[in-house]
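Peer 1: Sequence:
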Amino acid sequence: MQENVSWVKDMEKEELDFQVNNPHLSSPVLQNYLSYYSFDLPSFNTYRCGTFKAGDKKIFIQAFLKKEPKGTVYFVHGYLDHTGGMSRTVNYLLAHGYEVVTLDLPGHGFSQGESGTVASFEEYIQAVRGGYELVSKSLKKEWIIGLGHSTGGAILFHAASEEKIRLEKLVLVAPLYHPYQWNLVKGSLKMMGKFIRKQKRRFKKNSNDHLYQSFIKKDPLQVQWLKSDWLTAMEKWQQQIITCPVLNIPVYFLQGEKDTTVDWKENVAFYLKKCTRIQVVYFPGGRHQLLNEREGIRNLVHKRILSFLNRR
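The opening position of the sequence shown corresponds to residue 11 in my numbering, with each subsequent residue numbered one higher.
Hints may be right or wrong, so weigh each one.
[Said to hold, decoys possible] Think about it this way: if two alpha-carbon atoms lie no more than 27 Å apart in a straight line, the pair counts; the simulated DSS-like pairs of lysine-lysine are: (1) Lys174 - Lys151; (2) Lys215 - Lys67; (3) Lys208 - Lys147; (4) Lys313 - Lys179; (5) Lys80 - Lys23; (6) Lys246 - Lys67; (7) Lys208 - Lys227; (8) Lys215 - Lys68; (9) Lys147 - Lys237; (10) Lys179 - Lys215; (11) Lys174 - Lys19; (12) Lys313 - Lys63.
[Unchecked claim] Derived CB-CB ranges, DEER-like: (13) Arg212 - Tyr292: 23 to 33 Å; (14) Lys147 - Glu172: 29 to 39 Å; (15) Leu316 - Lys68: 29 to 39 Å; (16) Glu178 - Pro230: 26 to 36 Å; (17) Asn55 - Asn193: 46 to 56 Å.
Hints were generated in silico from the structure; no laboratory data involved. For each residue, glycine too, the CB sits at the ideal point set by N, CA and C.
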């Protein structure tokens, strides 16, 4: 069952200004949010959050900043998820000297939009581009590292390949291209999509971490309904991304071999063609949520990411 958490509605009413430092110190609502998702407050010096406009939607963005960071990581979550669900990775990066900027994609978390769907993936690209511009101008960050999980990774790649954002390097964690059993799903979509617009989400086993699996079923910000419109938008996006330019920055690709959310073999082949400086690392026991896997796998994933970030 999804938890009834009163601060969620209060959070939606908050007037948040991204230019203000440490608003959580005077906002019980923000304190509840950061506490609920276990963000490690002592690991950052300055916190900012707020919204910016991308198209006709307000996008929720957060910055966890350090005085002398090793670098700035621009972190984008995947489909059905939100920033809070990625707190383990945010905390790990902060603990190892990196500051982190994150946003909730349209229709996710505290960003505006119909829950769990978009008319076009261009809405995701606009949001990622808008967040990047805010970071580079407001925070005066020139060198930014991209980190994206699933759909977030795909959007960061697409935006970088078309030079809508400028990244120093990019980490892709189980990035989207083709979903698992895509041909079967696509066929069903065309047959059923006109009659069944949405269905209740079933929380499939995408991680071997039982605590995580239990938590997301109660998480009030997890998307609860799957929309056929999203699959239609994704199919159109696939036709666009296939012709996008090749990306020439260093790319680190992490993939679990028990992933049944994306067609990972097809996806690896696609990104190998589209990235000239790519390294792929496989995790035999890993499922789709590598950043929220059981401790042994998660620790190894985080260590591999850190090793890549530290390379100069």
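Peer 1: Please go over all the hints and tell whether each is borne out by the structure.
Peer 2: A quick look at each hint next to the structure:
With a CA separation close to 16 Å, the supplied pair Lys174 and Lys151 stays within the 27 Å bound. For the suggested pair Lys215 and Lys67, the alpha carbons sit about 32 Å apart, so the restraint of at most 27 Å is broken. Distance check on the hinted pair: Lys208 and Lys147 sit about 39 Å apart at the alpha-carbon level, beyond 27 Å; violated. For the hint pairing Lys313 with Lys179, the CA-to-CA distance comes to about 17 Å; that is within 27 Å, so the pair holds.
The straight-line distance between the Cα atoms of Lys80 and Lys23 is roughly 35 Å, outside the 27 Å bound, and the hint therefore fails. Straight-line distance between C-alpha atoms of Lys246 and Lys67 comes to about 21 Å, which keeps the hinted pair within the 27 Å bound. Taking the CA atoms of Lys208 and Lys227, the gap is near 19 Å; set against the 27 Å cutoff, the hint holds. For the proposed pair Lys215 and Lys68, the alpha carbon gap of about 32 Å is over 27 Å, so the pair is violated.
Taking the CA atoms of Lys147 and Lys237, the gap is near 35 Å; set against the 27 Å cutoff, the hint is violated. Note on Lys179 and Lys215: the hinted pairing is violated, with a Cα-Cα distance of about 30 Å set against a maximum of 27 Å. Using a Cα cut-off of 27 Å, the hinted pair Lys174 and Lys19 is violated, with the two alpha carbons roughly 34 Å apart. For the hint linking Lys313 to Lys63, the alpha-carbon distance of about 35 Å lies beyond 27 Å, and the restraint is violated.
Restraint check, Arg212 to Tyr292: a C-beta distance of roughly 27 Å satisfies the suggested window 23 to 33 Å. Judged by the Cβ atoms, the range 29 to 39 Å given for Lys147 and Glu172 is violated: they are separated by roughly 20 Å. A C-beta distance of roughly 33 Å is found between Leu316 and Lys68, which places it inside the suggested range of 29 to 39 Å. The hinted window of 26 to 36 Å between Glu178 and Pro230 holds, with their beta carbons roughly 35 Å apart.
The hint said 46 to 56 Å for the Cβ distance between Asn55 and Asn193, and at roughly 49 Å that hint holds.
Checked against the numbered hints above, the structure violates hints 2, 3, 5, 8, 9, 10, 11, 12, 14; every other hint is satisfied.
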